[in-house]
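K.L.:
Protein sequence lines, in the order shown, are assigned to chains V and R. The first sequence begins at 1 in my numbering and counts up by one. The second sequence begins at 1 in my numbering and counts up by one.
None of these hints come from the bench; they were simulated from the model. Among the hints, erroneous ones may be present.
[What the hints assert, rightly or not] Each pair of labels, with its calculated beta carbon distance range: (1) V:257 / R:232: 50 to 56 Å; (2) V:38 / R:91: 29 to 35 Å; (3) V:101 / R:146: 50 to 56 Å; (4) V:106 / R:44: 41 to 47 Å; (5) V:220 / R:42: 29 to 35 Å; (6) R:253 / V:127: 46 to 52 Å; (7) V:132 / R:263: 29 to 35 Å.
[What the hints assert, rightly or not] Just so you have them, the derived chain V footprint on chain R, three or more residues with Cβ under 8 Å: (8) 125-132; (9) 175-189; (10) 204-211; (11) 214-228; (12) 233-242.
Each residue gets a CB set at the ideal place from its N, CA and C atoms; glycine is no exception.
In case you want the letters, here they are:
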Amino acid sequence: MAELKRLPTLPGVHLKDEIAKITHRLRDLGLSRQVDKAVWDKVELARHAQRPYTLDYIHHMFPGFIELSGDRCFADDAAIVAGLAAYMGRTIMVIGHQKGRDLAARTRRNFGMPRPEGYRKAQRLMILADKFGIPVFTMIDTPGAFPGVAAEERGQAGAISAALLCMARLDVPTVAVIIGEGGSGGALALGLADRVLMLENSIYSVISPESCAAILWKDSSEAHLAAQTLRLTSSQVADLGAIDAVLPEPRGGAHRDHAGAAHIVKEVLEDNLRELEAIRPLDRKRERFAKFRRMGVWKENGLTLF
Amino acid sequence: MAQRVSVNISRRNGASGGAESCPQCKQLLSAVELRDNYSVCPNCGNHFRLSARERVAMLADSGTWNEIAAGLRSADPLQFFDLRPYSERLEEAEYDTGLGEAMIVGSCRIHKMDAVLMVMDFSFMGGSMGSVVGEKFWRACEAAIENRYPLVAVCASGGARMQEGILSLLQMAKTTCAVELLSEVPVPFISILTHPTTGGVLASFATLADVIIAEPGALLSFSGPRVIEQTIKESLPDNFGLAESNLNHGQIDMIVPRSQLKDRLVQILGMLEGGVACALEPLWEEEAGRPGRRGPLAGALGRIKAFANAPWRSLKR
């Protein structure tokens with residue numbers, strides 16, 4: 001195509017029509033390898049170094065935040081931050097993945113990739129919140145759970161599944177917001193909530209575009225194409241029915257205005273909590289289960305069901 | 001996603017072809033020899049991979065398997081297309097394995113004990129979990145709850161099905177909710193982890209079972225060995241992620257060789273349902289045509305049944 005376009009235009013030769021025809025056919029075939037740049041822009045925005053992280057939101061939203069540490073088994077995982085905060089006349093439990101901005105912080109936070117201790121800390125504090133009727137608010141921002149030998153030996157898979165089960169069981173209202181990267185099981189472990197919301201420029205995916213490209217295209221440089229195919233932007237995820245709502249970001253994106261982004265999350269959190277608190281705990285749990293039961297699309301005896 | 005022990009068993013018919021050599025010890029084995037030994041190498045104990053149908057034949061009493069939700073198929077919600085369309089991969093997998101999806105579920109009897117059994121097949125797109133696997137899991141749990149039958153899940157999976165994007169990730173949440181429903185009854189739930197069980201399946205229902213059994217030599221890890229090697233930039237210990245290593249690190253309850261699997265399964269299910277009493281009495285006594293036992297266990301089971309108020313065999317056969 002590019003070659004065709006580069007050909008010098010000669011009088012009497014109507015290449016324009018040809019180009020239009022071929023482009024159209026390619027698009028019709030669905031084989032167009034033209035990558036939609038907007039999708040990759042979102043991936044880069046979601047990973048932007050200046051994007052507000054969990055502690056930035058906490059800083060702007062919860063002035064009296066008290067951090068709680070440790071899984072009581074092995075260690076304190078700095079890739080997940082958790083604690084109590086006063087919020088609009090009630091206490092809430094805030095739990096979120098935390099990345100670092102400079103090299104030292106990134107290393108300490110392990111690039112936001114939790115080990116089993118992180119999920120066990122989250123689980124412990126969710127149970128604590130449940131005991132005292134404190135709503136749970138989670139912020140999701142991780143490339144995924146940490147892949148390491150020691151993490152596997154200490155039960156990475158079991159820690160994630162236990163966190164999921166814990167979230168399914170909670171009697172208190174739960175709200176999850178994907179604030180940046182929602183990467184795979186490591187993200188979902190904090191995302192089995194009554195309300196799952198997603199900031200406009202965040203992504204939520206079963207696998208990183210790079211890994212997906214490496215496996216399916218056998219070439220990790222096809223990540224742009226993989227990102228587009230995976231449908232991981234907030235509006236695409238919402239269209240698939242996988243989340244409850246998309247939150248707008250301040251003009252130019254959350255990385256330009258941390259306080260503005262925090263303000264939006266704060267307002268929406270209050271609305272959602274108020275709605276959820278009006279429902280009886282048992283009904284709330286039933287609705288949560290019904291929501292996740294509906295997840296997925298399949299055909300049964302030829303009929304497509306949602 | 002990665003597999004360490006390469007296993008090449010004829011896919012559709014199981015061990016019905018000619019002779020083949022064990023990938024671990026290179027011993028030449030005849031098909032009959034393999035079949036008679038539960039597809040386990042008699043020389044080195046290497047467990048060959050079983051297809052879902054072979055597994056059902058091994059665990060369920062003959063003639064008792066009654067498949068449910070067999071008509072479910074993936075709807076390709078993303079219209080996914082990598083080097084080939086996902087729909088084409090699905091058709092090919094169905095043709096190759098004779099299965100509609102990577103998991104089959106059904107009710108059956110295991111040593112005369114009613115149970116709901118679900119079996120995953122690694123040959124169907126790496127046993128990956130998409131919308132259909134999640135839905136089948138949910139229906140299996142529903143059937144188990146309705147009939148108060150215990151649930152047995154034989155897992156083999158590379159993780160979530162990328163081709164269904166975020167919806168496949170959410171199957172982890174969906175299956176977790178289903179497990180929670182089971183424990184509200186409670187219905188006993190046992191998972192059997194076979195080679196390999198990794199990723200999203202291991203990090204959801206597979207590790208949420210009441211008792212977790214693994215087959216010898218099975219690879220059980222959340223991240224595949226290749227991913228970890230690339231991350232930490234060094235080679236992994238030989239036993240990384242294997243069932244034996246998982247047992248040492250306290251991640252599973254036990255490792256049971258395939259030849260003893262069925263017996264052990266029923267013993268545990270019986271104990272979970274009947275309390276301690278059942279350890280003291282024989283399990284396979286026939287009583288008026290139903291899986292009966294005499295002694296304290298029969299009493300315990302009777303009390304459970306009366307409490308649950310579920311008629312025997314209420315599931316349509």
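K.L.:
State the violated hints by number, sorted upward, taking the hints as numbered earlier in the document.
P.N.:
Checked against the structure, the hints that fail are numbers 1, 5, 6, 7, while the rest are satisfied.
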